[in-house]
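Trainee: I would like the entire structure built from these sequences, with the hints used as guidance.
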Amino acid sequence: MSDVLLFTISLAATVLGLLGSWAAYRRRGAASGMRGAAWSMVPMGAYLTGLTKFLSDLVFSPVKWAGVALFGLGALLYVASGVMLRKGPAADGGSGRKNAPKSAPKGAASKGELQSRRPTAGPAVDPDLAEIEQILKNRGIS
1 MSDVLLFTIS
11 LAATVLGLLG
21 SWAAYRRRGA
31 ASGMRGAAWS
41 MVPMGAYLTG
51 LTKFLSDLVF
61 SPVKWAGVAL
71 FGLGALLYVA
81 SGVMLRKGPA
91 ADGGSGRKNA
101 PKSAPKGAAS
111 KGELQSRRPT
121 AGPAVDPDLA
131 EIEQILKNRG
141 IS
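Heads up: the sequence shown is residues 1 to 142, going by the numbering used here.
By construction, these hints were calculated from the structure, which means they are not laboratory data.
None of these values were measured; they are calculated from a predicted model.
Ideal Cβ placement from N, Cα and C applies to all residues, glycine included.
Distance windows between CB atoms, simulated:
1. 31 with 78: 39 to 45 angstroms
2. 23 with 55: 23 to 29 angstroms
3. 135 with 34: 56 to 62 angstroms
4. 70 with 7: 28 to 34 angstroms
5. 31 with 73: 41 to 47 angstroms
Mentor: So this is what it looks like as structure tokens:
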């Protein structure tokens with residue numbers, strides 16, 4: 001877009017906003033008028049700093065949209081990797097044995113033995129929930 005057109009649009013938005021701010025000042029008081037005036041300055045400030053030119057170039061440029069898409073994909077991959085790291089080594093598709101000890105300490109029960117020792121309380125799918133349900137039943141809470 002040309003600079004003259006962007007300047008005209010920004011100036012018109014600022015003037016219309018200031019007129020609306022004056023009306024808000026008369027109807028609702030100084031605080032509303034000041035708030036409206038503050039928002040009215042944004043379009044002209046954006047033009048004078050070059051933000052309007054940048055945004056108009058962004059909207060009409062497929063190359064810049066591709067850059068925005070790549071930036072978004074990178075952010076998504078970063079967040080997903082953080083979630084995977086929080087879940088542990090098994091979340092990345094590996095066997096999960098890289099950081100596991102080679103042999104269990106003496107007296108330690110295996111995962112299967114621990115699950116078999118837990119009380120079952122009906123059709124609960126999660127063993128932790130079954131244990132909680134059993135505790136609640138023992139206390140008379142259902």
